[in-house]
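Could you slot chain B onto chain A? The hints should help.
Those sequence lines, one after another, are chains A and B.
Per our numbering: the first sequence ends with 308, consecutive numbering throughout.
Per our numbering: the second sequence ends with 308, consecutive numbering throughout.
Quick caveat, the hints were computed from the structure, so don't treat them as lab data.
Check before you lean on any hint, since a few could be wrong.
You can't tell identical chains apart in this list, so a pair holds if it fits in one copy or across any two.
Claimed, not checked - List time: in silico DSS-like cross-link candidates among lysine-lysine, alpha-carbon distance up to 30 Å: (1) K161 to K6; (2) K125 to K43; (3) K46 to K160; (4) K86 to K125; (5) K291 to K280; (6) K223 to K12; (7) K277 to K86; (8) K188 to K280; (9) K227 to K98; (10) K301 to K40.
For reference, the chains in residue letters:
Number of protein chains: 2
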Amino acid sequence: MIIDKLIDKIKQTGNPTVVGLDPRREYIPDFIIEENIEKYGKSVKALAKSMLDFNKYIIDEIYDLVPAVKPQIAMYEMYGVDGIKAYIDTIEYAKEKNLIVIGDIKRSDIASTAEAYSIGHIGKTEVFEEEIEMFKQDFITLNPYLGSDGINPFLEDCKKYEKGLFILAKTSNPNSGEIQDLIVDGKPLYEKIGALIDKWGEELIGKNGYSEVGAVVGATHKEQAKRLREIMPKSFFLVPGYGAQGGKAEDLAVCFDKNGLGAIINSSRGIIANHKKEKFKDLKGKDFAKASREAVIEMKEDLRRYI
Amino acid sequence: MIIDKLIDKIKQTGNPTVVGLDPRREYIPDFIIEENIEKYGKSVKALAKSMLDFNKYIIDEIYDLVPAVKPQIAMYEMYGVDGIKAYIDTIEYAKEKNLIVIGDIKRSDIASTAEAYSIGHIGKTEVFEEEIEMFKQDFITLNPYLGSDGINPFLEDCKKYEKGLFILAKTSNPNSGEIQDLIVDGKPLYEKIGALIDKWGEELIGKNGYSEVGAVVGATHKEQAKRLREIMPKSFFLVPGYGAQGGKAEDLAVCFDKNGLGAIINSSRGIIANHKKEKFKDLKGKDFAKASREAVIEMKEDLRRYI
Numbered sequence: 002m003i004i005d006k007l008i009d010k011i012k013q014t015g016n017p018t019v020v021g022l023d024p025r026r027e028y029i030p031d032f033i034i035e036e037n038i039e040k041y042g043k044s045v046k047a048l049a050k051s052m053l054d055f056n057k058y059i060i061d062e063i064y065d066l067v068p069a070v071k072p073q074i075a076m077y078e079m080y081g082v083d084g085i086k087a088y089i090d091t092i093e094y095a096k097e098k099n100l101i102v103i104g105d106i107k108r109s110d111i112a113s114t115a116e117a118y119s120i121g122h123i124g125k126t127e128v129f130e131e132e133i134e135m136f137k138q139d140f141i142t143l144n145p146y147l148g149s150d151g152i153n154p155f156l157e158d159c160k161k162y163e164k165g166l167f168i169l170a171k172t173s174n175p176n177s178g179e180i181q182d183l184i185v186d187g188k189p190l191y192e193k194i195g196a197l198i199d200k201w202g203e204e205l206i207g208k209n210g211y212s213e214v215g216a217v218v219g220a221t222h223k224e225q226a227k228r229l230r231e232i233m234p235k236s237f238f239l240v241p242g243y244g245a246q247g248g249k250a251e252d253l254a255v256c257f258d259k260n261g262l263g264a265i266i267n268s269s270r271g272i273i274a275n276h277k278k279e280k281f282k283d284l285k286g287k288d289f290a291k292a293s294r295e296a297v298i299e300m301k302e303d304l305r306r307y308i
Numbered sequence: 002m003i004i005d006k007l008i009d010k011i012k013q014t015g016n017p018t019v020v021g022l023d024p025r026r027e028y029i030p031d032f033i034i035e036e037n038i039e040k041y042g043k044s045v046k047a048l049a050k051s052m053l054d055f056n057k058y059i060i061d062e063i064y065d066l067v068p069a070v071k072p073q074i075a076m077y078e079m080y081g082v083d084g085i086k087a088y089i090d091t092i093e094y095a096k097e098k099n100l101i102v103i104g105d106i107k108r109s110d111i112a113s114t115a116e117a118y119s120i121g122h123i124g125k126t127e128v129f130e131e132e133i134e135m136f137k138q139d140f141i142t143l144n145p146y147l148g149s150d151g152i153n154p155f156l157e158d159c160k161k162y163e164k165g166l167f168i169l170a171k172t173s174n175p176n177s178g179e180i181q182d183l184i185v186d187g188k189p190l191y192e193k194i195g196a197l198i199d200k201w202g203e204e205l206i207g208k209n210g211y212s213e214v215g216a217v218v219g220a221t222h223k224e225q226a227k228r229l230r231e232i233m234p235k236s237f238f239l240v241p242g243y244g245a246q247g248g249k250a251e252d253l254a255v256c257f258d259k260n261g262l263g264a265i266i267n268s269s270r271g272i273i274a275n276h277k278k279e280k281f282k283d284l285k286g287k288d289f290a291k292a293s294r295e296a297v298i299e300m301k302e303d304l305r306r307y308i
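Isolated chain A (complex conformation):
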């Protein structure tokens, strides 16, 4: 099962970290952009290919240190068709390097529409006599607001294709409480959602006691994460908000179980834009990605002090 593969890779690297591959134009070194302008002119394709190249250089430097990467599809989707191509190619490259890929897509819909998303993202699309995997992600993120009708079609494909989900419980943004903290039957809504997520995963429990259905739990809300860890014993946590968004390692310890498992912490900007720091200004060409490697090592040490 994919959750067990993820846990195995976390044990093997000793590092519960996922690198967020959310490239922005301003993170990409000029030499990459220039190479692609030469090939494709000043086009959308040149920018999309630059994102892909940028990701490849970073993956080459970090694939032996982390279990997983998490590309954020919005960053690619804003470049239309070429962007989606770069997203898919990034996933393929990461998988060649034996990384687990969490597609951060936060999709939400119902019935035949949810089925279509599921087929495209974690299932297989029928193309005449063939069945083709389109997006090839191992895990995807989903939004639960539509209820079980929006989740069930994905659960089917998780079973069929050994894929996993991370469903939004409590997000890392300052304003997440506006809806997620509303009190329902004396408890905040995110606890209610948390309990649903744990239930959705009931029939998909792996050998480590965690299910294929995990939860997104922001690193910026310590007490709330602690409570969710208690009421969701079977759900692995994907934890955004470390670093740039203000989440600290000492606050993250609550997301883990007594064996040091149970969560994977995402960092995006802090790793992929690390070369923009003054101290790395002498890194030339593709060596820029060595700054990302250094950031991953620092983050691992930071986390291990508390977990």
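Chain B only, in chain A's frame:
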């Protein structure tokens, strides 16, 4: 403002209907598939181009009768890059025919990620010295679970580019109550969300009293729709669930205001798959789409009996 353009087109056609362009393989007549196999072989591209051709034939038959179309991106996304190309080309074709396009994308994210979605879907992407509209939708649908942080970036672009939103309040699926009906401060959650949606649109009110920020309100929940119409006087409703999902015209009247405005009713399958009915089996070639025209006329008459 785009909401006023939508209302003008509803008045002009006398028809508060939006045609859901959610093509599925089984709806597409064989002659379209065969033409595209000839050009592109038995490929993903052949299927994606078939979806586009199918949409074009239908648009040709209905563009003078309806104000808007609503392509559901999931149906295209499941065909990967080629599918997204077909989605964008469908939008372009619909806009050439002067239709308003509601992109049913139900995206959700925060901060710079929400910004990226907004740029891609209703804003403009910077590509070297140019700014390019990628998806070209007039309206998009969004999921509110992440709170204001997930909506504000889109509001900015609505102002800047005269675009609009429909945010999920109460969805049409049987199980929507699982989360949306939970009681918060003595009221169901969807009312709370409804009030937020109305507030989000406060600074974007058009000449007809409706804002650029509308709400998705399922046709399958009459009493709840009625209540939302009362507490959301400034929000236009996008109403799914008519026809195939069980929503009836007499139940939909509650979504409209005393002037017969305030809502647009979606039908997908009932219109675009109408040619699959036995009585249309003699329609040859591109004439299949005349069945869609007939379905639109029937739906208009059905709605006008009650609104």
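Hint check:
Taking identical chains as interchangeable, the C-alpha atoms of K161 and K6 lie at most 30 Å apart only when both belong to the same chain, with a minimum of 16 Å there against 46 Å between chains. In this homomeric assembly, K125 and K43 come within 30 Å of each other (Cα to Cα) only across copies, at 16 Å, whereas the closest approach inside a single copy is 35 Å. Within a single copy, K46 and K160 get their C-alpha atoms only as close as 36 Å, which misses the 30 Å cut-off; across copies the closest is 29 Å, which meets it. Taking CA atoms no more than 30 Å apart as the test, K86 paired with K125 passes in both settings, with 17 Å inside one copy and 19 Å between copies.
Within a single copy, K291 and K280 get their C-alpha atoms as close as 12 Å, which meets the 30 Å cut-off; across copies the closest is 67 Å, which misses it. Only within a single protomer do K223 and K12 lie at most 30 Å apart by alpha-carbon distance; the minimum there is 24 Å, versus 53 Å between protomers. Taking the shortest Cα distances, K277 and K86 sit within 30 Å of each other inside one copy (26 Å), while across copies they are farther apart (34 Å). In this assembly of identical chains, the alpha carbons of K188 and K280 never lie at most 30 Å apart, being 47 Å within a copy and 55 Å across copies at closest.
For a Cα distance limit of 30 Å, the shortest separation of K227 from K98 qualifies neither inside one copy, at 34 Å, nor across copies, at 54 Å. In the homo-oligomer, the alpha carbons of K301 and K40 never lie at most 30 Å apart, since the shortest distance is 38 Å inside one protomer and 52 Å across protomers.
Consistency note: the structure conflicts with the earlier hints numbered 8, 9 and 10.
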